[in-house]
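J.: Protein sequence lines, in the order shown, are assigned to chains V and B.
The working numbering applies: residue 1 is where the first sequence begins, and numbers increase by one.
The working numbering applies: residue 354 is where the second sequence begins, and numbers increase by one.
Because the hints were derived from the structure by calculation, they are not lab data.
Incorrect hints may appear among the rest.
Unchecked claim - Restraint ranges, calculated between C-beta atoms of paired labels, are given here:
1) 413(B) / 118(V): 34 to 40 Å
2) 421(B) / 110(V): 54 to 60 Å
3) 167(V) / 421(B): 56 to 62 Å
C-beta: ideal position from N, C-alpha, C; glycine also.
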Amino acid sequence: MSRAAEDRWLIALAVLGVVTMVGAPQVLQLFTIINLTTAIGLALLGLSLGLIWGYGGILCFGQTAFFGAGAYTYAVAAQNWGDTTGAIVAAVLAAAAVAAALGYFMFWGRISDVYLGVTTLTVTLIFFNLLRRTSGPDYRIGRALLGGFNGTAAPPLRLPWDDRVILSPQAMFYVASGVLLLAFFGCVALVRSRFGRVCVAIRENETRAELLGYDSRLYKLGLFSIGGGLAGLAGVLVANGIGRVTPDLFNLSYAAQAIIWVIVGGRGTLIGPVLGAFGVFWLTSWLGTQSYFNSNMVLGLVLILFVLLLPRGVVPALVELATRRRRGALGRAERLRARRPKAGPRRALQPAE
Amino acid sequence: MRRETVLQTHDLSMRFGGVVANDRVNFALKAGELRCLIGPNGAGKSTFFKCLTGQLKPSEGRVLIRDLDTTGAEPHAVAGLGVGIKTQVPNVFDALSVEENIWLAARRWLDAPRAKAATAETVERVRLGDIRRRPVGTLAHGQRQWVELGMVVAARPWLVLLDEPAAGMTEEETAFTADIIREINRTASLIIVEHDMAFVRALADIVTVFHRGAILIEGSMDAVSADPTVREVYLGHKH
Ligand SMILES: Nc1ncnc2c1ncn2[C@@H]1O[C@H](COP(=O)(O)OP(=O)(O)OP(=O)(O)O)[C@@H](O)[C@H]1O
Ligand SMILES: [Mg+2]
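Isolated chain V (complex conformation) (with noise of 0.2 Å):
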C-alpha cells in the first residue's frame, strides 16, 4: 500500500474512533460499556505484541508478563496513595522497567529467537506462580494485601485535580477509548520514525543492520520497552475494568490469546492485532452465551483454520487483495490504452546464480 493510501485508512481508522468513542455511551447498555472498557484493554495488549513482533520479530511468548506487572502496580499503588494518575505511571514505568530489564539480558545475551518465546513465557508463569502463593496477611505492600489466587482490589480511576471523585463507567469507557486511539496513533508514528524503520530493518536483516551501524540490541531494548510499558498500561485499563487483579492475568491463557489476535489480525501491521482482540473477544462472548461448543476448542480452531489458510492475518489479506484489484484494473486499463507496444525495459541481468 502506498503512504498515500494508508494515510487515507488511518485518517477514516481516527474518524472511526472518535465516533465510536463518543457514541457508543449513548447508544449502548451499561453493561455492555463495562464490558467494551476490557476489550479495550486486551486491544490494547494485542497492540503491544504486534508492535514487538510485527515491527521488532521479537516474539514474545509472555506480554503478558509486562500485562500483569502494570496491573498490580497500579492496583498496589492506587490503594496505598489514593490518587490513581500517580499509579497510572508508576504501572507503566514499572512494566517498561521489567521489560527493560529482561530485554537486557535477553538481548546482550544474543539468545535465538525460540529462546526468546521460552523465556518470556516461563517468566509470566513464574510471576503467575508466585503470586497465587501470596494468600495470608504476611504478603502485604503498604496497605494492599496481594491476596494469593483471588487478588487484590483494583481501586478505580479519579479525577488527576480532584482524587475525591471516582470516574463512571462511562468516563472510563472515554479514557479507555482515548488511551487506545493515542497509543495506536502513537505506534503508526514510531514505526514510521527512523527509530521504527531501523526496527524493521534489524528484523529483516540483524546481520546487514549492524555491519550498517546500528547497534540492534539497543534498537530491540528500546522497543521491547516501550511494548513492555504498552502492555502494562492495558494492564491498568483491564484491571480498572474487571475491578481486580489476579494471577490469573499472568496465565497462559491470556498469553495464548495475545498471540492469536496477532496471528488472526495480521502480523507487521498495527491495527490488525487490534481487531484480532476485538473479534476474538466478541468471539469468546458469543461461544459463553452457548453451551453446545467448549469455547478454547472453537478459538484453537479458528487459530489453526487462519494458520492453514490465512497465515499472514486478516488484514495484510485483505491489503494483498485490494492492491491485487487494483493492480488488475490498471493493468487492463494500459493494455487497452498501449496499442503500440513499446520496447520493455532492457533486461541485461541474469537470474540469480
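Using the hints provided, position chain B with the ligands relative to the given structure of chain V.
T.: Relative to chain V, chain B with the ligands alone:
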C-alpha cells in the same frame, strides 16, 4: 611522502575447533590503496574479513584500524568508524524497497534531508532508479549486489571491505561494478576479495594471495602470477 597505514593486523589467527582458518596473518593497508585478496576456495579470505569487521572474534592476534585496537569489537562499532562492508553472502533487507535499503545506510550517519539526497543520488549511481520502489528480494542477483554496494557507498565510508562484489555477474555487469569501485577508491581505501582474475588485474595495484589461512605472497598482479608457488596453488583451478 609515506602514506599512513589505515588497517593492520598482527599475528591474527582464527581457529574453528581443529580448523585453522587464519594462521598468524600480518597485513597492512595504506591510505588510498586498492588491494585485492585472492586465493583458492577455503583459503580463509572471508574469515579474515569477518575478523576485521567484528563478525568473528579472532582466536589470537590484533586488528588495528588507524590507531585504534578493534580486536573483538562489535560489528556496529567497526562500521561506526567509517568502515563499509559487503559480505560474500548477499546481505540486504529483502522485504524492503531498494530506496529503503539505501536510505537505512545513509541515515545512520546523515541527518534526514541529507540522507534523502544521498539516497536519491546513490540509487541513480547504481542504476536502480527505475526499480527504486521494488522489494530487493524480487530483484535479480546482480541487482541485489548493487543494492548492497549502494548501501556501502551511501554511508560515505573511508575504508571499504568487499567480499566477492562481482560474483555471478556477467561481463557487462562486472565492468560496471569495477567502475563503481574505482569511484569509491577516490575517497576510500579498499580491500576486495575476488576470484575473477581479469577483474583483479584491471583494478588492483597490489595483490595479496591467501593460502591455507596465511599470506603466501604479496605483490603486483604480474609478479604474483609469475610466482611458481602461486601457480601450484591454483593448479586445477580454472582462474
Ligand atoms: N563458522 C565456521 N565454522 C567452522 N569452520 C569454518 C567456519 N567458517 C569458515 N570455516 C572454515 O574455514 C576455512 C576458511 O573459510 P573461508 O570462508 O574464510 O574461505 P574463503 O577463502 O573465503 O573461501 P571462498 O573463496 O570459497 O569464499 C574453510 O576451511 C572453512 O570450512
Ligand atoms: Mg569467502
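J.: If a hint holds in the structure, say so; if it doesn't, say that too.
T.: We went through each hint and held it up to the structure:
1. 413(B) / 118(V): 34 to 40 Å: holds (36 Å)
2. 421(B) / 110(V): 54 to 60 Å: violated (24 Å)
3. 167(V) / 421(B): 56 to 62 Å: Given about 58 Å between the Cβ atoms, the range holds.
Violation of the numbered hints given earlier is confined to hint 2; every other hint is satisfied by the structure.
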